[in-house]
Structure formats: C-alpha cells, structure tokens
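A.B. asks: Sequence:
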Amino acid sequence: MKVKSFWIIFLVVGIALFPGCEEDTSPLKHSEGTNLVQNPSFEENGEPSLDSWYVEDSSQITFSMDTPPNGGKWSIFLHAVHYGPMPESPAYYIPLSPGNHVIKFSVYGKYFAIPGSALLIVQQDSIREVASELVITDSVWTEYVTVDTVSLSEGDSLYILLYGGGTEVIDGITYFDLVKLILLDEE
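First residue of the sequence shown? That's -16 in the numbering used here, and the numbers climb one at a time after it.
Keep in mind that a hint or two might mislead.
Stated by the list, open to error - Mimicking DSSO-like on lysine-lysine, the simulated pairs with C-alpha atoms at most 27 Å apart in a straight line are: (1) K56 / K163; (2) K87 / K163; (3) K56 / K87.
It is worth saying that the hints were derived from the structure and are not from the lab.
Sequences are here, hints too, so could you generate the full structure?
C.D. replies: In structure tokens:
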C-alpha cells in the first residue's frame, strides 16, 4: 500500500509542476532557424552558381573548389582593387518586414594580402548603412558569426554584400562560403 501511495503522490506532484516548465526562447539559446540565404554555398546540384545573388559585373568573382568543412563543392573568391565594395560585389536581398529582428549572421571566409568582409546593409532610398560587418581576418577557413538586432523602418531594404578587400596598390583576394542569415526572433 505504501508503494502505491508513493506513486500516486509522485504522479500528482509531477503533473502539478509540469505546467510551470517553459522552453528557453532567448535569442542565444534558440534553436537554429531557417537560413534566409537560398544559395549560401554558391552551387546548385553540385555545379557552381550565383543563383539568387545579385551581381552586376561578375568579372571579379571566381568559383573555387577550395571549401571549408561541410562547404559542398564550391566557394567563391573575390578580387578587389578598390577602397570599397563595387558593382562586382555580390549582393543578396533579405525580405524582412519593418520592425526589430534578432538575427544570426555568419559566413566562412579566408583571405590573402588584404582582408575582405561580409556586410549586412540597411538601405533606404540611396542611403546605405552598415548594420553589421564580419571582417575576414584569417588566412585559413574560419567561421565568422555575429548575433545582432536589426531595426527596419517602412521602405528599408536589407541585404548582404560581400567585399573582397583591397586598395589601389595591393590586390586583395577573399574567399566566401556558407553565408547564412537566420532570423532568431522578432521584437
């Protein structure tokens, strides 16, 4: 009889405590969501591809079979001979509604000579603002990650811009792969 009473009490107490349990949904503990970049590894069916990326001039973009761990078959590298991103810099539009968005922005990269960067840009009309920047500072494949809050107003556009680095004196080359933008939470 004592064993049966113990189990009944255990069951009642367990049921009473269960509704108090809550899932941790804080941005840093939140499980990985869907990557908003449709072509993060610059390939489609094992073939090199810039599908879904906006590129005005692809002359400075080269596909490479040098990839990071789990990077698939292809990455890209960018040559840069200018001080800032130019029309040949690949851009990816991210459709998000106005408001505050907690995002995880990441990219694998490596560089030679001059570091490049992956930029998260907010644009309204012709005004561009860098919301987040991942500077590629290693010469071996490294994952660069930031968790940040991006605030968008009505009419704002959000996009990723990849920049190969460089000056007018020294040519920079930067590799990119596995570009991700994950929406963790909307405030």
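A.B. asks: Confirm or reject each hint.
C.D. replies: Here is what the structure says about each hint:
1. K56 / K163: 17 Å, holds
2. K87 / K163: 8 Å, holds
3. K56 / K87: The given pair, whose Cα atoms are some 24 Å apart, holds under the 27 Å limit.
Against the hints set out earlier in the document, no violation occurs for any number.
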